[in-house]
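S.K.: Listed below are the residues making up each chain.
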Amino acid sequence: MPAAVPAVGLHSITKRFGDVIAVDSVDLEIADGEFFALLGPSGCGKTTTLRLIAGLEFPTTGSLRIFGDEVGTLPPNRRPVNTVFQNYALFPHMTAEENVAFGLRMRKTPKSEIEPRVRDAIALVHMEGMEQRRPDQLSGGQQQRVALARALVNSPKVLLLDEPLGALDLKLREAMQLELKALQREVGITFVFVTHDQGEALAMSDRIGVMDGGRLLQVGTPEEIYARPANRFVADFIGHANLLDGMVTGPDQVTLTNGITIAAPSDIQPGGRVAVSLRPEQAFLHSLGVAPGHHTSVDGRVEQVTYLGNALIYRVSFQWMHIDVRAENRPGRAPVSAGDEVTVSWEPSSVAVVQD
Amino acid sequence: MTLTTAPPPADGPVLLEVTPEFERAAARGDSRRGFLLSLPAYVYLVLFFAIPFGIVVVYSLATRNTIGGTDLAGWNLDSYRRLAEPIVRDILFRSVWIAVLTTLICLVVAYPFSYFIATRTPTIRNILLVFVMIPFWTNFLVRNYAWRVILGSDGPFAAVTEALGVGRQEILFTHSAVILGLVYGYLPFMVLPLYAAIERIDGSLIEAGRDLYASGAQTFRRVLLPLSMPGVLAGSILVFVPSLGAYVTPQILGGGKSTMLGSYIVVQFLTARNWPLGASLSFVLMTVMLTATLIYFRAGGRNL
Chain C
1 MPAAVPAVGL HSITKRFGDV IAVDSVDLEI ADGEFFALLG PSGCGKTTTL RLIAGLEFPT
61 TGSLRIFGDE VGTLPPNRRP VNTVFQNYAL FPHMTAEENV AFGLRMRKTP KSEIEPRVRD
121 AIALVHMEGM EQRRPDQLSG GQQQRVALAR ALVNSPKVLL LDEPLGALDL KLREAMQLEL
181 KALQREVGIT FVFVTHDQGE ALAMSDRIGV MDGGRLLQVG TPEEIYARPA NRFVADFIGH
241 ANLLDGMVTG PDQVTLTNGI TIAAPSDIQP GGRVAVSLRP EQAFLHSLGV APGHHTSVDG
301 RVEQVTYLGN ALIYRVSFQW MHIDVRAENR PGRAPVSAGD EVTVSWEPSS VAVVQD
Chain P
1 MTLTTAPPPA DGPVLLEVTP EFERAAARGD SRRGFLLSLP AYVYLVLFFA IPFGIVVVYS
61 LATRNTIGGT DLAGWNLDSY RRLAEPIVRD ILFRSVWIAV LTTLICLVVA YPFSYFIATR
121 TPTIRNILLV FVMIPFWTNF LVRNYAWRVI LGSDGPFAAV TEALGVGRQE ILFTHSAVIL
181 GLVYGYLPFM VLPLYAAIER IDGSLIEAGR DLYASGAQTF RRVLLPLSMP GVLAGSILVF
241 VPSLGAYVTP QILGGGKSTM LGSYIVVQFL TARNWPLGAS LSFVLMTVML TATLIYFRAG
301 GRNL
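In the order they appear, the protein sequences are chains C and P.
Quick note: the first sequence, position 105, residue 105 per our numbering, numbers continuous.
Quick note: the second sequence, position 35, residue 35 per our numbering, numbers continuous.
Hints were generated in silico from the structure; no laboratory data involved.
In this text the structure is predicted, and so the values were computed from the model without any measurement.
By construction, the Cβ of each residue, glycine as well, lies at the ideal position given by its N, Cα and C atoms.
You may find that some hints are simply not true.
Not everything, but these chain C residues come out facing chain P in the computed CB check (under 10 Å) [what the hints assert, rightly or not]:
no., residue
1, 56
2, 60
3, 83
4, 105
Here's a subset of chain P near chain C, in silico, CB distances under 10 Å, partners left out [what the hints assert, rightly or not]:
no., residue
5, 70
6, 175
7, 198
8, 199
9, 202
10, 206
11, 207
12, 208
13, 213
14, 214
15, 218
16, 222
17, 223
18, 226
19, 227
20, 229
Generate the whole structure from the sequences, applying the supplied hints.
M.R.: Written as C-alpha cells, this is what we have:
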C-alpha cells in the first residue's frame with residue numbers, strides 16, 4: 001500500500017526479554033502522514049513495538065527504518081521521533097513552558113527560535129495562559145495537551161503515542177479523540193498510536209494493526225478489519241461478533257457444529273475447521289417464518305432480552321447455538337420477549353469465515 | 001450547621017441534630033486526642049533535649065574559677081570570645097572541612113550505588129538494602145578498632161599499597177584515616193535517603209528526557225539530579241551532622257590529637273576543666289546542626 005518511502009518500516013523485528021518473546025518477527029510499513037493504530041490486549045507487544053520505534057528498547061533481530069534510515073541501534077535522543085507517554089511523564093520540577101522547551105534546549109536551538117516555537121506549540125494545543133503552571137497544577141486533560149505540545153514542538157518525523165487517552169474519563173476521551181485526529185491533519189505528521197480500546201482505534205485511525213502474543217495478526221483500514229477479520233481473534237477482539245463454530249462442507253458453504261448448513265463465502269478448502277463471524281447489528285429479527293427471501297435465515301427462540309437504552313440485544317438460541325441480534329431502540333418496534341419463537345436472518349455477504 | 005428545624009413527629013424516627021456546639025466539641029476531642037498521643041514524645045524531648053540543652057547554655061555563660069570548678073555566677077560571654085582564638089578556630093574550621101569532605105565523598109560513592117539499587121527488581125533491591133544495613137549489626141566502636149588494625153603499620157592496607165607499587169602507605173593517625181573512617185561509618189545514612197528519593201522517581205521521566213534529545217549526562221543533570229535533590233539534601237545532613245560532631249572515629253583513627261571538635265570538647269570538660277568553653281563549643285555545634293536540619297525542612301524535605 002505505501003507508495004513512497006514509508007515513514008516507519010519494520011522488517012522481521014523480534015524482541016526477546018530473556019525467554020519471553022515480546023515482539024515476534026513483525027513486518028510493518030507505515031506511510032508518511034498516516035494515523036496508524038497498534039491495537040491489542042495488554043501484553044500483546046504493542047507497547048514494546050512502539051518503544052522499539054522510539055529507541056527505548058532495541059530489537060533482538062530485524063531492521064528498523066525511519067524514512068529509509070536504519071535506526072535500530074540509535075539511542076532515543078538520536079532518532080527523529082518523539083513520544084507522548086502513557087502517563088504523560090511531564091517533568092514535575094518544570095513549568096508547562098519549560099517542559100515544552102526542553103527538547104529544543106537539548107538540541108541547542110537558538111534562543112530567539114525557541115520562544116516563538118514554544119508559543120506556537122502551546123497555542124496549537126490551546127494551553128495559552130497555563131505556561132507558568134507546574135504539572136501538578138494541571139488537570140489530566142491539560143497535562144495531556146502539554147505532553148502533546150512538548151513532543152510536537154520538535155517537529156518530529158513520527159509522533160509516537162502510548163495509550164494517550166487511557167487516563168482520561170470517558171467524555172474527555174471522546175472529545176480528545178476528535179481533537180487528536182484534527183491535530184494530526186493540521187500538522188501532517190505521521191502518528192503511531194498504541195491502544196487497547198478497539199472503539200478508539202476504529203474511530204481515529206487511517207489503518208489499524210491488530211496484535212496478539214507478539215504477532216501482528218492483521219493490518220488494514222478500520223472497515224477492512226471490522227468487516228473482514230483475518231482470524232478468530234481479530235473478529236472477537238474488534239467489536240462484538242457471534243462466532244459460530246463449524247466446518248467448510250462445500251463451495252461457500254459451512255456446516256455448523258449443530259448440524260445446520262449456511263451459506264458463507266470463503267476461499268477455505270472443504271474440511272477446514274472454521275468459525276462464521278456475524279456482527280449482532282447485521283442480523284435481523286422477524287416473526288417466525290417471514291424473513292426476506294434472499295437472506296440466510298434460521299429459526300429459534302428468544303432466550304434473553306438485554307436493554308441498552310439506545311438498542312436492545314436479543315439472544316436467540318437455535319439447536320444448542322445462539323446468536324445475539326442487536327436492534328436499535330426505535331418507536332414502534334415489535335414487542336419481542338423471552339420465550340418467543342422467531343426467525344433470525346442476515347445478508348449472506350455480512351458473514352466472514354475465520355480460522356483460529 | 002443544623003440539619004433539622006422541624007420537631008420530630010411524636011411516634012416517628014428520632015432525627016439526629018448536628019449543632020455548632022456538637023461540631024466544636026468534636027473538634028476539641030480531636031485536638032485533645034492528638035495532644036495525648038504525642039505527649040510521650042514531648043516528654044522525651046523536654047527531658048532529654050530541651051533541659052540538657054538549657055543546662056549547656058547556662059554553663060557556657062558561667063565563669064571558670066581558679067581551681068577548675070565552675071561558678072554559676074558572674075554571667076559573661078568570655079567563653080564565646082575564646083572561640084575566635086587561633087587554636088579553637090583551627091579545630092572548628094578543620095572539623096567543618098573534614099565533615100564537608102566526608103559528606104561529598106559519601107555523596108559521590110553513594111549516588112551511583114543508590115541508583116543501581118533503586119533500578120533493580122524488588123527482590124534484589126531488598127537483598128542489597130540488607131547488605132547496606134549489615135555493618136550496623138556490629139558495634140560502632142568495634143568497627144573503628146577494626147579499621148585501626150587494617151590501617152596499622154603491619155595491617156593489610158599497607159600490604160595492599162605495597163603490592164600496588166605505591167609504597168607502604170601508613171595513613172593511621174592522619175586526617176585521611178579519620179575521613180576514611182567517617183565515610184565508612186556514615187555511608188549507609190547517605191545511601192538510604194538517596195535510594196528512597198531515586199526509587200520514587202517515575203522511570204518514564206528518564207525515558208522522556210532521552211526521547212527529548214537529552215544525552216545520558218544531560219538527563220542526569222536536568223531530570224534525575226533535580227528530582228532526587230530531597231534525597232541528596234537528606235543524606236548530606238544525615239552524614240554532615242554526625243561527622244561534624246564525631247568523637248569516636250577521630251579519637252581512634254586520628255590518634256587523639258584533638259583533630260576534631262568532639263575530642264576538643266571532651267578535653268575541655270575532662271582534662272582542661274574549662275566547662276564554660278566546652279559548653280559554648282557544644283552550643284555552637286548544636287546550633288550549626290539544628291540550622292542545617294531546619295534549612296532542610298524549610299526546603300520541603302521529607303526524606304529524613
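S.K.: Now tell me, hint by hint, if it's right for this structure.
M.R.: For each hint, the structure was consulted:
1. 56: holds, 5 Å
2. 60: violated, 19 Å
3. 83: holds, 5 Å
4. 105: OK, holds: residue 105 (chain C) within 10 Å of chain P, min 9 Å.
5. 70: With Cβ-Cβ at 52 Å, over 10 Å, it is violated.
6. 175: Cβ of residue 175 (chain P) sits 37 Å from chain C, so the hint is violated.
7. 198: violated, 14 Å
8. 199: violated, 15 Å
9. 202: Interface hint status for residue 202 (chain P): holds (7 Å vs cutoff 10 Å).
10. 206: holds, 9 Å
11. 207: holds, 5 Å
12. 208: holds, 4 Å
13. 213: holds, 4 Å
14. 214: It holds, given that the least Cβ distance between residue 214 (chain P) and chain C is near 4 Å, below 10 Å.
15. 218: holds, 6 Å
16. 222: holds, 8 Å
17. 223: Since chain C brings a Cβ to about 6 Å from residue 223 (chain P), closer than 10 Å, the hint holds.
18. 226: holds, 5 Å
19. 227: Hint holds; residue 227 (chain P) Cβ to chain C Cβ min 6 Å, cut 10 Å.
20. 229: holds, 8 Å
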